[in-house]
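> So the chains spell out like this:
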Amino acid sequence: MDPFSAEGELLNIHTAFHSGQYQSVLDFETAALSPENQLPARVLKLRAQIALGQTSEVLAAVSSEEDTPDLAAVKALAQLVAGDADAAEQLAQDLAENYPENSSVQFLAGTVLQAQGRSEEALALLGKHQGSLEAVALIVQIHLQQNRTDLALKEVQAAKRWAQDSLLVNIAESWVGLRVGGEKYQSAFYVYEELASAPSTSAPLSIVGQAVAELHLGRLPEAEAALSAALEKYPEDSELIANSIVLNVLAGKPSADLESKLQQVQPSHALLADIQEKSDFFDTAAAKYAPKVSS
Amino acid sequence: MQSSPNMLTKFESKSSRAKGIAFHPKRPWILVSLHSSTIQLWDYRMGTLIDRFEEHDGPVRGVDFHPTQPLFVSGGDDYKIKVWNYQTRRCLFTLNGHLDYVRTVFFHPELPWILSASDDQTIRIWNWQNRSLICPHLGYLRPAKEALRPTSISFEDQMARANPNQADMFGNTDAIVKFVLEGHDRGVNWVSFHPELPLIVSAGDDRLIKLWRMSDTKAWEVDTCRGHFQNASACLFHPHQDLILSVGEDKTIRVWDLNKRTSVQSFKRDLDRFWVIAAHPEMNLFAAGHDTGVMVFKLERERPASAIHQNQLFYITKEKHVKSYDFVKNEESQSLLSLRKLGSPWVPPRTLSYNPAERAILVTSPADSGTYELIHLPRDATGAVEPTDVKRGQATSAVFVARNRFAVFNPASQQVDIKDLSNSTTKTIKPPAGTTDIYFGGAGCLLFITPTTVVLFDIQQKKQLAEVTVSGVKYVAWSNDGLYCALLSKHNVTIVTKTLEQVSTLHETIRIKSATWDDAGVLIYSTLNHVKYSLLNGDNGIIRTLDQTVYLIDPTEYRFKLALVKRNYDEMLQIIKTSSLVGQSIISYLQKKGYPEIALQFVQDPQTRFDLALECGNLDVAIEMAKELDRPNFWTRLGAEALAHGNHQTVEMAYQKQRNFDKLSFLYLSTGDQDKLSRMAKIASHRGDFTSRFQNAVYRGDIEDRIEMFKEVDLYPLAYLTAKSHGLTEEAESILEAVGLTEDQITLPSLEQPLKVAHPIVPTFKAAWPVKAAGHSSFEKALLGEVGAVDEEAAADGFDFEDDEQETTLAKETLDDDEEDASGWDMGDDVNVEEDVDFVNVESTEAGAGSSEADLWARNSPLAADHVAAGSFDTAMQLLNRQVGAVHFAPLKPRFLEVFKASKTYLPATVGLPPLVNYVRRTTEETDSRKLLPIIPRDLETVATVDLQEGYTAMRSNKLEDGVRIFKGILHTLLVNTVSSEAEVAQAQKIIATAREYILAMTIELERRTLPTEGQDNLKRSLELSAYFTIPKLEVAHRQLALMAAMKLAFANKNYNSALGFASRMLANGGSAKLLEQAKKIKAQCERNPSDAIDIDFDQFAEFDICAASHTPIFSGSPFVTDPFTGAKYHPQYKGSVDRIAEVTEIGAPASGLRLFVPGQF
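Residue numbers (the UniProt record's numbering), protein chains in the order written: chain Z, 1 to 295; chain L, 1 to 1162.
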């Protein structure tokens, strides 16, 4: 039986992880779990630690157990997040060759490969999954990053046939929905709103999702309410800051403070990188023009 | 044959066998006559015995209320008919005459008659007013039936129907037996007419219920309802529905379909045989009498199945149509769906749960021991459509628990199934033992209701989160913010938090029916006869007393009171306008709280309006009402109040209406209205009222009239005295003469100067005194639509420019200016560039998937702003270069980055991967990739309402550097922007022109300020620039400022001619008196010596523009070049350089014109 299914023991920890409640994942009592679920639970906990930025602790924890492919895969992800991308890529590639059937390896090594821009290899590895929703979610995300919304949609719809009730499938569907737009914005909004409003699943992750959906729906005041409330609670969350910048610009409000805050929290954030890139691009492009007569 | 397990019993009494029942038509009362000779009067709503009447000897079988009088009639086995007054609680009189048991008695609905039927085989008609027998022996012959118990609800009806031409037959003739209905094999116990149709229903000892139809000529049996397995004792037609109800000695109440003659429902009692049944004339209520008392019951629930989502209420009507109601618009939708096929025909749906995400409803029906249906609502209400795609199943409760999940509960199997929208079970939960119902419990949770507790259960984690001990919960109401929840049981309301911590509890002796939450977190609940509120701390009170049970949907009145307390006039206004708040309670509430002026808005009744108007000093209304009422009492009160106000016109009217001449005269005296006073004198003489005439004469100081009057009443001594004392000797002598006396014969007291009546110094009558401030509250103003205007004024005051009057003329001037602008602005039309050229080819390998949405934007739009949002800065620059000759992009960089920044959101997904980027669209409804377009921040509206106003403020407050920066920002924002219509394009062009003029004006003035003060050349230039400053087309108020500065500078430097010109222009512009005063003074001075000390390059009478680069005049007819974007004009030598206004475009560059809008694109 799938341990993550509705009847499985790991449902709650799994739900907590995917709704971004990383601290609850760490606090989860795993001693009572059946032996075969111990390892997946541990992997989830380690991944939650990575999500919380505790990469060095994770690396230390798995250093002696690299023989277990699951933990080795965790190590690859930890390396990636810690900034040691090349080592991570190497390890991920090895794991992908040696343990392509291991679902942790599929997902974690797939993540690393995708992060390194090797999308085709990542997809090939993930394609070997057997009913792993995490793999499905990652495939969806890769397709979206490749701007293949059509393929992402197909993947989600296939997964919905066998796992409609899964939180992860719902979230992946919302990812696609926010790309497709129109009525799907509203559906995505409902998914995130549901997560954000339930105390057991409310986290920056779900609030950001809700606010992003509101932004796309053009409901700026609602988005602002959600984001500013969340920013007070989680002032360091980079996605909250990034989306607040977008919101402020849209609403015609100053965003400089938030930009410097983001610079401080996560200088590598896509928003900042994009702006920098476009700023340079602007200068280059503008240099091509000059008035006939300089004044 | 269905049987409903729970009948909706409203009341049960314990007594001996009940043989007769009657409902009071208005009050919640029921009369029960017992086999034991007692008649009971019950309040079935409160469940209390009001009175007992015990004068009959032996069983009492018939009772009836009089429809309007406080009377009832009873007939018993003592052969007697008694008429009672239930207010005085005694028997008024007894009608004797029947020779056997009286079976039934009825009042005639209109005539003063009592009809009685007896075992003596007669029906008698009595006049209860003169207590006589009208129709002594109306023999009612039923051959071959041993038990004769005929009756009818309206005997007279039958007669009228049977003999339409003999309506007056009573009194003279005996009634005629029209039809004999034969069909029952054994004794007939009861017959009843249909309230409208020519139908009769009968019940007999052959256990059958028979339906009969009649025409003018005959009556025949239609059908038989079989089912009772013992004697059928009574039967009747449902007053409003096509149903027959019957009771029998088989201890059942049966409901039959009138049209199909099939059994619809039956209710069984364990021990007691039923003897009689009665229907309430108006409400959905019935009563049945049995061996041990009476029960009052309903056939169907009246609580409409409903659900509220935001401002919408969804509910199911009695016709089983789903409708919605919008609280904001205050309007009911058309029928959305017809649920005719749901459940069984006579069973209304019980609950409704709404899912906004899917726009679906879950409806449960108690039919077939509980069914539910999942139905998607149509997008638009088009009428009662039968739903096509319906999912259904067995359950007593069904509620949505999440966007795509709902829970159904089956009490038989004690199981809750969580189902998805395709109706397949995804999860099964075992609820606590004894669970009776389930409710929504907050996101992802359920509330299980057991007889003693309420349990909160997390569906995801499948675990119980909390439990609270509350017994007998029947309904659950969540507060709007989802933080609190009210648990309603029969007599208790328990308020708990969302985690089931008990906050407060309150007890009601009367049954609690429903509850709802106010936005402010106040619970409003209804009992059988009150609407009440409860605060979170349990403080509660009555809002309103009810005549009929109400199921709460919207707490309007309460909201009103809350708004009143908070002085939230807008909301009150809203409520008054949209709701029908009426009733004495709210008026007295308002009066008590000291808001008579508000109460005034509700009241129609003139007298109350008059009282309220006086109370709040609103004389206009009071006058209006007094006129309407036109009674002395009201005029007196009005006069007194008006006097207190000093409103003497009203006082005058009040006195006139009362014909109060004395007071009127005095009023005219005190207001100094001599004309009217003399008119009063005339009236007095006309009336022959000498006292009044004297009084008026005194008031007027009219001595002649006084003397004349004294003479007329033969008071010669007084006449003489008056004449004498006022020095009218001739008159005095003529009086003496007339009475035949001489002066010697009279001894007069020594006289002093006669007193004169004081006259008012001010002619008050011409106008009212300063009147006591009229009672116009801000509230009334709001009602009169004045508040908006006030707000606008306040807003206008916010701008710190000194004069207010100018603001008002401003609007007019703007209009004028607009016209000018429009005519002067046909820019770019002369250069024709092909449309297609605007589409810049975006490099892309293939269409559709694979390219990002940003690429699509650039491909979908020829507008520069869309390319900027897409990050395609190079193509955006190409477009701007072609459209407006943009060459210098650096100033646009912040705008480019701003637009770009707003184009994407960042959605965190898998840990370790960058967030998913999504593109923010202005086409939020669109999914067609060829029509997707980005959102552009700072739209035209923002520019017009925010930025432009800031610019004006900078101008007023003389912050010119800021102003230039702001207006440049406006130009840059508009250059990279999109609009949604041609009209907006025109508006944008107008704003561009405005910004150009302000920048030009401000830069001219700024240049002047940087000039060194020494030197004749500098002074000359300074004077010129100050003159040019007045040329750009600014708002009038601002132009006045420029003119003022120029005038003063010119005057100070003895350039009187120029100063004169400026002063004249200022005066022509009009506006603030202060400025005009100065202009006038200077004008007057300058006119004495209209010459300039310093010759400057400025001809106030010539037409010219200012070159934006050199700030020198371009006289009309001279060559010039324009900037393709801003339209600023330059001397030809500036062609090819960058525009000085927006600093982006090349002066005189070929350009196709700025594009902000593509028809059909937005």
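No lab work stands behind these hints, which were simulated from the structure alone.
Just so you know, these numbers come straight off a predicted model, no measurement behind them.
A portion of the hints provided could be inaccurate.
Stated by the list, open to error - Derived DSBU-like pairs (lysine-lysine); straight-line CA-CA distance at most 35 Å:
#  : chain 1 : residue 1 : chain 2 : residue 2
1  : L       : K329      : Z       : K253
2  : L       : K1033     : L       : K1054
3  : Z       : K154      : L       : K391
4  : L       : K391      : L       : K893
5  : L       : K463      : L       : K10
6  : L       : K178      : Z       : K184
7  : L       : K990      : Z       : K278
8  : L       : K1074     : L       : K1054
9  : Z       : K261      : Z       : K292
10 : L       : K1135     : Z       : K288
11 : L       : K1054     : L       : K1020
12 : Z       : K278      : L       : K298
13 : L       : K329      : Z       : K184
14 : L       : K931      : L       : K1020
15 : L       : K1020     : Z       : K292
16 : Z       : K261      : L       : K968
17 : Z       : K278      : L       : K893
18 : Z       : K128      : Z       : K184
19 : L       : K1129     : L       : K1048
20 : Z       : K184      : L       : K10
21 : L       : K893      : L       : K1048
To be verified - Over the 12 Å line for every Cβ pair with chain Z, so calculated as not near, a few chain L residues:
#  : residue
22 : N85
23 : V222
24 : N404
25 : E853
26 : Y919
27 : Q987
28 : S1116
For every residue, glycine included, the Cβ atom is placed at its ideal position computed from N, Cα and C.
> It remains to establish, for every hint, whether it holds in the given structure.
Do the hints match the structure? See the list:
no. : hint                 : in the structure
1   : L:K329 with Z:K253   : holds (33 Å)
2   : L:K1033 with L:K1054 : holds (27 Å)
3   : Z:K154 with L:K391   : holds (26 Å)
4   : L:K391 with L:K893   : violated (58 Å)
5   : L:K463 with L:K10    : violated (38 Å)
6   : L:K178 with Z:K184   : violated (73 Å)
7   : L:K990 with Z:K278   : holds (31 Å)
8   : L:K1074 with L:K1054 : holds (22 Å)
9   : Z:K261 with Z:K292   : violated (42 Å)
10  : L:K1135 with Z:K288  : holds (20 Å)
11  : L:K1054 with L:K1020 : holds (12 Å)
12  : Z:K278 with L:K298   : violated (74 Å)
13  : L:K329 with Z:K184   : holds (27 Å)
14  : L:K931 with L:K1020  : violated (59 Å)
15  : L:K1020 with Z:K292  : holds (33 Å)
16  : Z:K261 with L:K968   : holds (29 Å)
17  : Z:K278 with L:K893   : holds (10 Å)
18  : Z:K128 with Z:K184   : holds (29 Å)
19  : L:K1129 with L:K1048 : holds (28 Å)
20  : Z:K184 with L:K10    : violated (49 Å)
21  : L:K893 with L:K1048  : violated (41 Å)
22  : N85                  : holds (63 Å)
23  : V222                 : holds (55 Å)
24  : N404                 : violated (8 Å)
25  : E853                 : violated (7 Å)
26  : Y919                 : violated (8 Å)
27  : Q987                 : holds (18 Å)
28  : S1116                : holds (25 Å)
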